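Chains as they are written, first to last, in the working numbering: chain A, 1 to 280; chain B, 1 to 377; chain C, 1 to 256.
Hints in this document: simulated from the structure, not taken from any laboratory. Nothing here was measured: the structure is a model prediction, and the numbers come from that model. Where a beta carbon is used, it is the ideal one built from N, C-alpha and C, also for glycine. Just to be clear, a hint being listed does not mean it is correct.
To be verified - Label pairs and their computed distance ranges (CB to CB):
#: 1; chain 1: A; residue 1: T188; chain 2: C; residue 2: S47; range: 23 to 29 Å
#: 2; chain 1: A; residue 1: S174; chain 2: C; residue 2: D231; range: 56 to 62 Å
#: 3; chain 1: A; residue 1: R273; chain 2: B; residue 2: K229; range: 47 to 53 Å
#: 4; chain 1: A; residue 1: A128; chain 2: B; residue 2: L338; range: 37 to 43 Å
#: 5; chain 1: B; residue 1: L338; chain 2: C; residue 2: M240; range: 38 to 44 Å
#: 6; chain 1: A; residue 1: F269; chain 2: B; residue 2: N377; range: 29 to 35 Å
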Amino acid sequence: MPRFSDKFRYWALVLPALAIMIVFYIWPLLGIWVISLNEPVVGLGNYAKMADSNAVKTSFVITFRVAFVTTIGCLILGYIVAYAISNFAGRVKPLMIALVLLPFWVSVLIRSFSWIVLLGRSGIVNDALRGAGIIDSPLRLMHNEFGVVLAMIHVMLPFAVLPMMANMRGISSSYVDAARGLGASEWTAFRKVYFPQTMPGVMSGALLVFVLSLGFYVTPALLGGGRVLMISEYITYQIQEFLNWGLGSALSVTLLVATALVIAVAARFVNLRSALLERG
Amino acid sequence: MTDTTDHEAKLDLVEIAAYRYREGRLTRRGFISAMAALGVLPALGSKALAGANELVVVNWGGRPTEVLQEVLGDTYTAATGVKVIVDGSGPSGGKIRAMVESGAVVWDLCDSGMGTAIILEQQGITQPIDYNIVDRNKVIEGTAYSNGVGNYVYSYVLATNSKMLGGNVPKTWADVWNTKDFPGMRTFRKSVRGMLESAVMAQGVPTKDVYEVLGTQDGINGAIDMFRKLRENIIVWGSGSDSQNLFLQEEVAMGNIWHTRAFLLKDQIEGGTFDISFDGGVIAPGVWVVPKNNPAGTEEVMKFIAHGQDPALQVKWLELIGSGPINPAAAALVPPELAAWNPSSPENLATQILYNDEWYAKNQQAAEELYIDALIN
Amino acid sequence: MAQSTFRIFFSTGAWLVLAFLLLPILVVIPVSLTDTSYIGLPKEGLSLQHYAAYFQSPGWMAATWTSIWIGLVVAALATAFGTAFAIGCWFLSDRASTVARWILITPILVPPVVQSLGFYRFWVTLGLIDTNFGVILAHTLLALPYVSISVFAALANLDRRIPQAARSLGASVWQTVRAVVVPAAIPGMITGAIFAFIVSFDEIVGVLFITVRNVTTLPKKIWEGIQEDIDPTIASVATMLVVLTLIVTAIRILRK
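Based on the sequences and whatever the hints tell you, model everything.
Here is the structure:
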């Protein structure tokens with residue numbers, strides 16, 4: 001049988017999924033670009049309006065700031081967990097991994113609901129602190145950036161831990177042992193020898209968390225109280241409140257381009273193939 | 001011009017009625033008559049076609065078909081024998097226009113807003129109201145247009161929970177902006193509608209001059225700046241139920257919310273500490289519009305509108321879900337304990353300002369941008 | 001060996017972070033058992049009233065079933081399409097197939113609100129708004145990346161020479177796929193199907209855009225509950241989902 005015909009058959013397996021993805025996903029996504037240039041009038045009006053708007057600028061700043069702080073938080077906390085699991089866990093390793101994965105399976109909505117219950121003005125944390133006599137009047141833990149970032153770190157943490165763990169699995173202990181043998185302290189050996197080897201994992205984790213945070217909607221919308229207006233919420237606001245599809249689409253295109261740029265920049269530091277395409 | 005009708009406010013009324021019904025405070029019959037009075041005679045599906053001797057009324061709520069049937073029986077049908085089908089698919093200006101322009105008009109009467117009514121009239125989409133049948137004296141002054149007439153009212157009001165304020169309750173919008181004497185969080189809408197007005201009044205502008213001040217860019221900027229100053233104390237509400245939750249969860253101590261939501265809160269917040277003031281409120285009507293070439297004919301629709309102006313029916317509706325009677329005569333029939341909660345009582349009308357749709361048509365989009373910027377920047 | 005501060009720092013730190021991951025989720029459990037009608041800890045005693053409210057509510061029940069059956073359909077569709085895709089790509093393993101794989105994972109990277117906007121506009125023209133099929137199609141697209149990634153990962157362990165041998169012994173492409181490749185892909189298919197079900201079962205933003213009244217999934221019902229009448233019924237639903245997750249996780253740990 002000629003090779004050509006085999007190849008044809010393999011493509012027959014590939015095409016159904018690829019075709020529906022292109023027709024029903026990629027095509028509508030391109031449609032957003034068209035809307036942004038066509039509604040309400042043809043031209044770059046929506047983009048001009050966007051560039052003029054202080055609110056849009058602020059919203060982008062908030063989006064990037066929240067995504068950045070979330071990423072840093074996830075990396076620090078996630079590194080500690082990944083390191084402990086990879087090096088000290090022993091028999092409890094499966095339990096620790098399960099605890100990392102557990103929040104993955106509980107929907108973001110439910111976790112946001114939990115945070116609302118915890119952080120509200122008459123929420124559990126405030127009640128407990130007041131009951132213990134630590135505070136007199138309730139603290140503002142929600143409806144601000146603090147609450148949003150806290151809940152977002154909770155959501156994103158597994159995305160940081162997993163790539164770092166995968167990376168640490170491949171690190172041989174012999175370098176650290178050698179450094180220790182030469183008299184380096186545990187801290188020094190970690191800092192000078194181990195940590196640099198984990199950078200690929202850290203970067204993969206950072207990329208995933210940052211990209212996912214940029215487009216995050218549910219948690220900021222529920223916990224932000226309208227004051228932490230990230231771009232995704234801004235888009236729905238334009239569309240639901242004003243039926244302003246043109247501006248909403250222009251914002252979407254901008255967010256899409258921003259996400260693509262982040263990934264493009266990250267490509268210099270991260271092996272995208274292993275970070276995205278081949279992650280287990 | 002853009003469509004400035006506050007569709008959410010309409011949806012909210014439906015929600016409140018449904019809430020009351022679930023809560024058991026509305027009997028089935030009461031619920032139905034409330035829905036009928038609201039003009040939310042529920043849906044038979046968007047493709048409901050009116051046959052002979054039928055009337056299709058369209059508004060914003062989706063309630064089961066059997067409720068709709070009951071509504072008809074209870075009100076108009078009982079009186080006239082004319083069948084009424086209510087479709088809850090939301091008669092936005094765009095939809096009405098498309099229907100009229102396509103020549104396939106299936107709607108007889110639509111629950112719209114002032115802004116949309118004005119636009120549709122200009123575009124020649126709607127019919128004039130026949131004020132020989134509909135009584136222009138049975139609606140609040142300023143809500144009888146040539147091609148549209150008010151059907152109920154709702155207000156943006158100052159709501160307070162004295163329990164969270166230690167009994168020290170703000171009386172005016174200026175008090176709301178005084179965080180020193182009245183500490184605590186405030187809630188305002190995630191939109192300038194009904195909000196900028198209070199910021200202007202907080203600057204000491206008399207009620208009647210509010211839209212004059214907002215007529216200049218300086219006036220708008222001044223109002224926006226008021227929100228910028230207050231923003232650390234603001235949590236915004238997106239939907240009516242949102243505003244209700246913020247008070248219920250004690251996230252806020254005061255705010256500018258719909259009086260219809262406040263009507264529910266007064267019973268929900270223990271100890272009667274929740275109160276509202278119509279002083280400095282912004283009152284807005286829902287408006288009936290009739291598409292051109294409506295299937296049931298002009299006369300039948302006008303009779304139906306006139307039927308809905310009955311003060312007794314309107315009071316019933318206030319009692320059940322707090323919607324304000326459009327007919328000022330209804331005020332006399334309102335039970336005394338509810339008089340303070342009636343947005344269209346003479347006392348309350350005197351202290352409020354009528355929502356100015358023309359202003360919103362002209363300025364809303366730009367103002368919204370500034371408003372968000374002030375809140376988040 | 002004595003515990004060094006280094007070790008103590010990382011071990012203690014790790015457990016604290018894990019507690020941070022777990023505890024907030026568990027908060028829904030006591031709240032769901034509250035005897036009050038509002039969100040809070042139980043006051044005078046425990047009560048199952050909010051579970052009763054859930055099971056007696058036609059709305060919650062309907063939403064739950066909708067989510068379950070849509071999730072199952074999505075899992076089946078995404079697994080079928082995604083497995084065929086991954087197997088085809090695995091055989092091809094050329095530039096073009098890598099491009100195809102990148103295209104298939106775009107839904108992971110595109111912000112949910114942006115893709116939902118695209119869905120909404122296209123679904124309007126197709127008449128799919130507020131239909132079960134519209135939701136199934138959208139969720140299948142969102143689930144495909146997970147299936148294709150996990151099946152491809154499973155195939156990484158398959159020796160390329162085995163299908164080659166099968167082919168040289170006269171087996172057709174289809175016979176080879178059925179007899180050699182699919183068995184190797186099965187672990188990935190199972191993982192992928194579970195992922196696909198979860199993706200659909202938890203998806204909220206798309207549903208908010210492309211459904212109105214006819215289709216209500218569980219996440220949409222929870223969303224409306226949080227936005228509208230916050231009541232402990234949501235906590236009871238959440239508790240059941242959390243406990244289910246805990247049980248499944250515990251079983252998996254114990255089996256290891």
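Hints and how they fare:
1. A:T188 <-> C:S47: 23 to 29 Å: 57 Å, violated
2. A:S174 <-> C:D231: 56 to 62 Å: Holds, since A:S174 and C:D231 (Cβ atoms, about 58 Å apart) stay within the stated range.
3. A:R273 <-> B:K229: 47 to 53 Å: 52 Å, holds
4. A:A128 <-> B:L338: 37 to 43 Å: 41 Å, holds
5. B:L338 <-> C:M240: 38 to 44 Å: 42 Å, holds
6. A:F269 <-> B:N377: 29 to 35 Å: 32 Å Cβ-Cβ, so the 29 to 35 Å window holds.
Hint violations for this structure: number 1 only, all remaining hints satisfied.
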